[in-house]
Amino acid sequence: MNRSAWGGVGFTLPALLWILLFFIGPVLLMVAASLHPLTAAGVPSPQWGLGAYRAFFSQPAYVQALIDSVVTTIVVTVLSTVISYPFAWSIACVVPARWQRLALIMAILPFWTSYVVRSYAWLLAISPVGLVNKALLALHLIHRPLMLAYNPHATELGFVHFFLMLNTLTIYASLKQINPRYELAARDLGASSWRAFFGITLPLSMPGVATGAFLTIVLTIGDYVTPQILGGFRQLLLPQLIMMQIQRQLDLASASAMSLILTAIVALAYLGLQRWLRLSRL
Amino acid sequence: MARLGFTPRRFYGIGASGFALLLGLATPAAAQGTLNVLTWCDHEDPTLLQPFETANDVKVNFKDIGSTADALAILGQSKPGDWDAIVMDETDTGRLEGMGLLAPLNKADYPFATIPSQLQDPSLTSVNGSLYSVPEKFGYNTLAYNKANVDPAAMQDINAPWQPQYKSRVAVYDYYVPEIQYAALALGLNPETISDADLPKIKAKLEALKANAAMVGDVTSTQQALTTGAVDILVGGGEWVTAGIAKDQPNLDFTIPKQGGIRWQQGLAVFANSNRKPMAVKFIQYILSPEGQARLATSACYWGMPASTAAALTPDQKEILRWKDQPDYLKASYTYLKMTPEMDKKLQALWAQVMQGK
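As you go down the protein sequences, you meet chains A and B in turn.
According to this note's numbering, the first sequence is numbered sequentially starting from -7.
According to this note's numbering, the second sequence is numbered sequentially starting from 263.
Keep in mind that the hints were calculated from the coordinates and are not lab data.
Note that the coordinates shown come from a computational prediction; the quantities given were computed from them, not determined experimentally.
Note that beta-carbon positions come from the ideal geometry of N, C-alpha and C, so glycine has one too.
Incorrect hints may appear among the rest.
Where chain B lies over chain A, by a calculated footprint (3+ residues, C-beta under 8 Å) [claimed, not checked]:
(1) 50 to 58
(2) 227 to 238
Derived SDA-like pairs: lysine to any residue, alpha-carbon spacing no greater than 20 Å straight-line [to be verified]:
(3) B:K520 / B:D419
(4) B:K429 / A:L138
(5) B:K608 / A:S50
(6) B:K409 / A:V121
(7) B:K472 / A:P144
(8) B:K341 / B:M361
(9) B:K321 / B:E306
(10) B:K608 / A:M235
(11) B:K539 / B:P366
(12) B:K465 / A:S50
(13) B:K429 / A:V121
(14) B:K472 / B:G491
(15) B:K608 / A:A33
(16) B:K593 / B:E454
(17) B:K325 / A:Q239
(18) B:K608 / A:A32
Required output: the full structure, derived from the provided sequences and hints.
The structure is reproduced here in structure tokens:
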């Protein structure tokens, strides 16, 4: 290798070491921890075994938590994408170029606050004594407060609000990469505006859609705070179950097994979206 | 990059410095003039620590923990001798002693004459006759409520949160141990001796409670729900929810129903491999002093009953903490379950089943 190639390796090595130390290493440690289930005495067993996985899959409430986590993630991902696409498209294709930067800033403004603060802000809006119920009561549209908070839909609302911004950014970036002449050419050849959109714009913007969807899946399925604040335990999601394993008995085997199950789901999502995940197009 | 003088060697130099800095931050200070304590948030007020630090020319280097499991995780990443003392739920005394982590203490070093007999329960503080933990603060997981919206007399019945008139006006604290014990007590069972045979009945009782509740949540969420008026009753609440905000929210109160309540109790212990045991003992003595007890009881993080009856609280503070009711409350309350990890797993699974129920 020549000197510049060594220089390239030199600059890449920290990133590789970082991934080894802070991703691959911890994952391997988690795999090892998950294979030493807690004994009746409350200490990790010296023997290797799949007890933590068996315990998880033999407990229907735990499996239900996994299913609920997956369903919540799918609902949030679909809703965030469907709502954010037209929003991003209108900023990229309808809003005049000189206003696009301002429109984007407005779109991502809520990102500037912590998501914990945002979750509590939602609670102040939708709780039984929140702004929404107060307004509906004042307008005599309802006679008793609606239970808008403390349920799975409140959790989904908090997530969708957060990921709308993220998806808007990734889809907008993808749309701006598309040469507008492609669509003009399609229109010249007789395609309707709908056909041009579905035949040209949408397929070419899929890297942005897939990237946003993947980030939404990763961040939703592992989130503990939003369901904890907004969900009111009407539904127990897997991250909450993982916290239960850690907080009381420091049951690293069960917590690691559950975390690795979540990691496996994220890996499946990656494989499913891999076809469109082209970060270079963003 | 090279034009900016940003070579791989310099790049690694910066990285190594940052890593060294991170390592330095991850371990407690080891200087002679420090005492390293694993604490709950109520021990972190400067008003509590400063008098001790000044009097003993020592810096209390504290690390916040939320549970004994957090402490075990930190200890697992520390060198022997890094930590000197710990604040813990006293039901964990036996567990930590069994792991060889705690040093035996001399009972004569502490003001046990001022600590009510219920708090001195050897099953919480001692193992095989040796003292390992000194009670310092306690309180209750019973009923906290808004007396402007519910009748305080009705809250004297432990079954009040199940009543239809409070539908969707109830919050449930999400720590499964005291909640399961509260449900057991409501069923007429002894909450200190729950067995496998009791679990189906307790599950059904908790499912009924959840059906009547607006929410189940952690400390912050349930306290927020009670203070904003989203709910009127908090099951599992107590003075730790209402006392600290009594001046701003005078309508919030707590009680122990006539059937009884569940009592939490925290204690201080010294680590077996501490290199500063005499200073750790002095720290416990300070916390158990009248001034230390008053400051700890009225901590900004949460209020609770001081373990020592000699605590130098003001009359107002005593009123808020229901000082004169304590002898009766202590008689009517049950400690957290002292259980095996296996039983704990069963209770966790039961709680998860209740939470997943539609």
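Against the structure, the hints:
For the region 50 to 58 of chain A, the stated coverage by chain B holds: 6 residues have a C-beta nearer than 8 Å to a C-beta of that chain, and at least 3 were required. For the region 227 to 238 of chain A, the stated coverage by chain B holds: 6 residues have a C-beta nearer than 8 Å to a C-beta of that chain, and at least 3 were required. For the proposed pair B:K520 and B:D419, the alpha carbon gap of about 6 Å is at most 20 Å, so the pair holds. Of the supplied pair hints, the one linking B:K429 and A:L138 holds, its CA atoms being roughly 13 Å apart against a limit of 20 Å.
Between B:K608 and A:S50 the alpha-carbon distance is near 13 Å, which keeps this suggested pair within the 20 Å criterion. As the CA atoms of B:K409 and A:V121 are separated by approximately 17 Å, the hinted pair is consistent with the 20 Å bound. This hinted pair checks out: B:K472 and A:P144 have alpha carbons roughly 15 Å apart, not beyond 20 Å. Taking the CA atoms of B:K341 and B:M361, the gap is about 16 Å. The hint holds against a cut of 20 Å.
With a C-alpha separation of about 12 Å, the suggested pairing of B:K321 with B:E306 holds against the 20 Å cut-off. Between B:K608 and A:M235 the CA atoms are separated by roughly 16 Å; this keeps the pair inside 20 Å, and the hint holds. In summary, the hint linking B:K539 to B:P366 is supported, as the alpha carbons are separated by about 11 Å, within the 20 Å threshold. Restraint check: the Cα-Cα separation between B:K465 and A:S50 comes to about 19 Å, which is no more than 20 Å; the hinted pair holds.
Restraint check for B:K429 and A:V121: satisfied, since their Cα atoms lie roughly 15 Å apart, inside the 20 Å limit. The suggested pairing of B:K472 with B:G491 holds, with an alpha-carbon distance near 19 Å, which does not exceed 20 Å. Among the hinted pairs, B:K608 with A:A33 is consistent with the structure: their alpha-carbon atoms are about 14 Å apart, no more than 20 Å. A hinted pair counts as satisfied when its Cα atoms are at most 20 Å apart, and B:K593 with B:E454 qualifies at roughly 14 Å.
Taken as a hint, the B:K325 and A:Q239 pair is honoured in the structure, with Cα atoms around 16 Å apart against an allowance of 20 Å. Our distance criterion of 20 Å between C-alpha atoms is met by B:K608 and A:A32, whose separation comes to about 12 Å.
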